[in-house]
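Undergrad: This is what each chain is made of:
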Amino acid sequence: MAMWLHELRERLLRAGVAPRHVRRYLTELREHWADLTAEEERAGRNPAEAATLALTRLGQVDELARTMIEQPELRSWTAQAPWAVLGAGPVLGLVAGWGIALLILWSGWTWFVQGSRTPFVPVHGFAIAYFGVGRMLYYSAPLLSGWAMIVLAGRQRLQTVWPVILGSLAVALLGATGAVDVQPPVIPGDTGRVGIQFFPASWQLPDAAGHALLLFVLVALPYLVWRWRSSRPDFESQ
Amino acid sequence: MTSRESNPNFMNGVPELLILRLLEDAEMYGYEIVQTIRERTDSVIVVGEGVVYPVLHALERTGALKSRRKTVAGRSRIYYSLTKAGSRKLAGLAAQWMSLAGAIRKTLAGGQYGDVVA
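Sequence lines, in order, name chains A and B.
Using our numbering, the first residue of the first sequence is number 7, and each one after it goes up by one.
Using our numbering, the first residue of the second sequence is number 1200, and each one after it goes up by one.
Here chain B stands alone, though its shape is the one from the complex (with noise of 0.2 Å):
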């Protein structure tokens, strides 16, 4: 649990964002969430194993998120899927994010620059 644990305000939103992003491919179960942003971010996001059930209620409850049970293998899971609203949201925080990345990578490079020609 590296980054969301040694920095939370850092990585407010960024659970959601994700979620997000992975549910605009397929409908997925918390379990596979996890799995899924440990495996495509090369573990430098961890989203904590059973804290991200909470950030999928919410997401649902503003109707970002729908969710199904459905029975696999005899076990019961709850898989969730995007909705019209949570795509307009997805796009909207994407944004962001991409402005802000920008912004710091710019800031950091202006930075780096300033270094070599002091």
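Pulled out of the complex, with its shape left as it was, chain A reads as follows (with noise of 0.2 Å):
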């Protein structure tokens, strides 16, 4: 990527332009960039002296990222609202991962095991299966949701950190301190009911600080580390 349009993409992104305009807009830059070559070299010069010529018709970097800033409409929520985004957006990802995860729970006991008191029985065949991927869902559902977050925030290039440490913290709370709770049926030969208890009765406090503490690490680690490395002198030039 030409130096100007790596530059003109920082500068609209930390300005909180939309991602997907900044990308859009460096894309139809480009195209343009080749026509205004493409007919100063059609008026004679040579590719060089065109490329330059075009570049000058096109606009300075300053005028080009001004002119898009300065449209309200094209900024993204996550700039717009980072706290909402960026607090919220990751515990109402956990809740629907979870959702689905509980879905898949209670679909299961109602097809592969009805009847029995508890989804939490041995299964054989395609129910491994089926189980296997509400399992992986509800335990990588704060991970996933956390992770969401951490590449809203870094496509954003997001200068603020305290909305994704509040993120990451709601999430691993949430993720430590939740559990599947199963409630037996009333009527014999019924399925049950599915839902997230907080704080059980098994929970322990060490265990469950030993969880949070994990979560909160795996997701914001990621974050961290690449605004250390996006702090440096010479990362712009990697």
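It is worth saying that the hints were derived from the structure and are not from the lab.
Heads up, some of the hints might be wrong.
[Said to hold, decoys possible] Coverage of chain B stretches by chain A, computed from C-beta distances (three or more under 8 Å per stretch; other residues unrestricted):
no.: 1; region: 1245 to 1251
no.: 2; region: 1266 to 1280
[Stated by the list, open to error] Cβ-to-Cβ under 10 Å is the rule here; a few derived chain A residues that face chain B:
no.: 3; residue: L35
no.: 4; residue: A40
no.: 5; residue: D41
no.: 6; residue: A60
no.: 7; residue: G65
no.: 8; residue: E69
no.: 9; residue: M74
no.: 10; residue: Q77
no.: 11; residue: L80
no.: 12; residue: D196
The structure displayed is predicted, hence computed values, not measured ones.
All C-beta atoms, glycine included, are put in the ideal place defined by N, C-alpha and C.
Given two chains presented individually in distinct reference frames, assemble the corresponding complex, making use of the accompanying hints.
TA: Laid out in structure tokens, this is it:
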């Protein structure tokens, strides 16, 4: 990527322009530059001279950035409301992930082990894979929702660290204190209820604290490493 | 970059109006739009080559335009076209500008007439 395009991209993202608009803007500018260069070449200039003149016609990075930043419609939600997106977003993601995992558990209970007082009984064949998907989603939901938040913050080159820390903490605490709660069926032969219970009877503070710390580190560490790397003076040239 | 650069406030809203009007006739991509504006206005109005895109993106975001990617002669182009909402916006903007232009013309004519009389 040409240096001026790289500089423009970083400036727009840091200013809060939505990444998809930045990406398209850069594509369009690159194409426009090629068109202008071809036009200058047709006018008899050599390729190097044509490319330079085309760039001058296209505009300075300052002007190209300013006109884009001035459009409020093009700002991303992450830039407009980082606390909401990065603080509440991962929690909503976790709730959604757990919701799907519980749906899989409940439907598997209904289809494969109906009549049983709990879905946590030995199963065979396809049921193993079915419950396995639900289990994997349940355990990975805190990490996936946390990493999704990190990707959002990274894509936007977000300068504020606190929304990410808050989001990571929320996900870590919820992930460490929540557990699947199964209620046996009231009517024999029916399917019971599944849900999430926070601070269940089996909950132990040291275990939960260790779990929360692990989740927090796994979620926040990639972001903190990236922030540290991007703050180094040689990062731009890499 | 004559008019727009020399008096940007006066030109506020003009690129939007011209872009909407051009796209009413046919779908176009950025470079094509800038060249067509230059040709049709005899270079009196020159929209900044690169700064046409933020206007296009904003118009699309508000629903006045829609875009599609098309590969032409090996080049990937993003073509813009007018939506129904864009047509309504164009009608509103055009009416405003006609009214404004009429008022200015009338005022200028009055001024010239007054000068002659005096």
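Undergrad: Against this structure, judge whether each hint is valid.
TA: Verification of the hints:
1. 1245 to 1251: holds (count 4)
2. 1266 to 1280: holds (count 4)
3. L35: With a closest approach of 6 Å, the L35 (chain A) hint holds.
4. A40: holds, 7 Å
5. D41: At about 4 Å, which falls below the 10 Å cut-off, the nearest Cβ of chain B leaves the hint on D41 (chain A) intact, so it holds.
6. A60: holds, 9 Å
7. G65: Cβ of G65 (chain A) sits 4 Å from chain B, so the hint holds.
8. E69: holds, 6 Å
9. M74: holds, 4 Å
10. Q77: Given a least distance of 4 Å, the restraint on Q77 (chain A) holds.
11. L80: holds, 6 Å
12. D196: Hint on D196 (chain A): violated, closest Cβ of chain B at ~50 Å, above 10 Å.
Hint compliance for this structure: hint 12 alone is broken.
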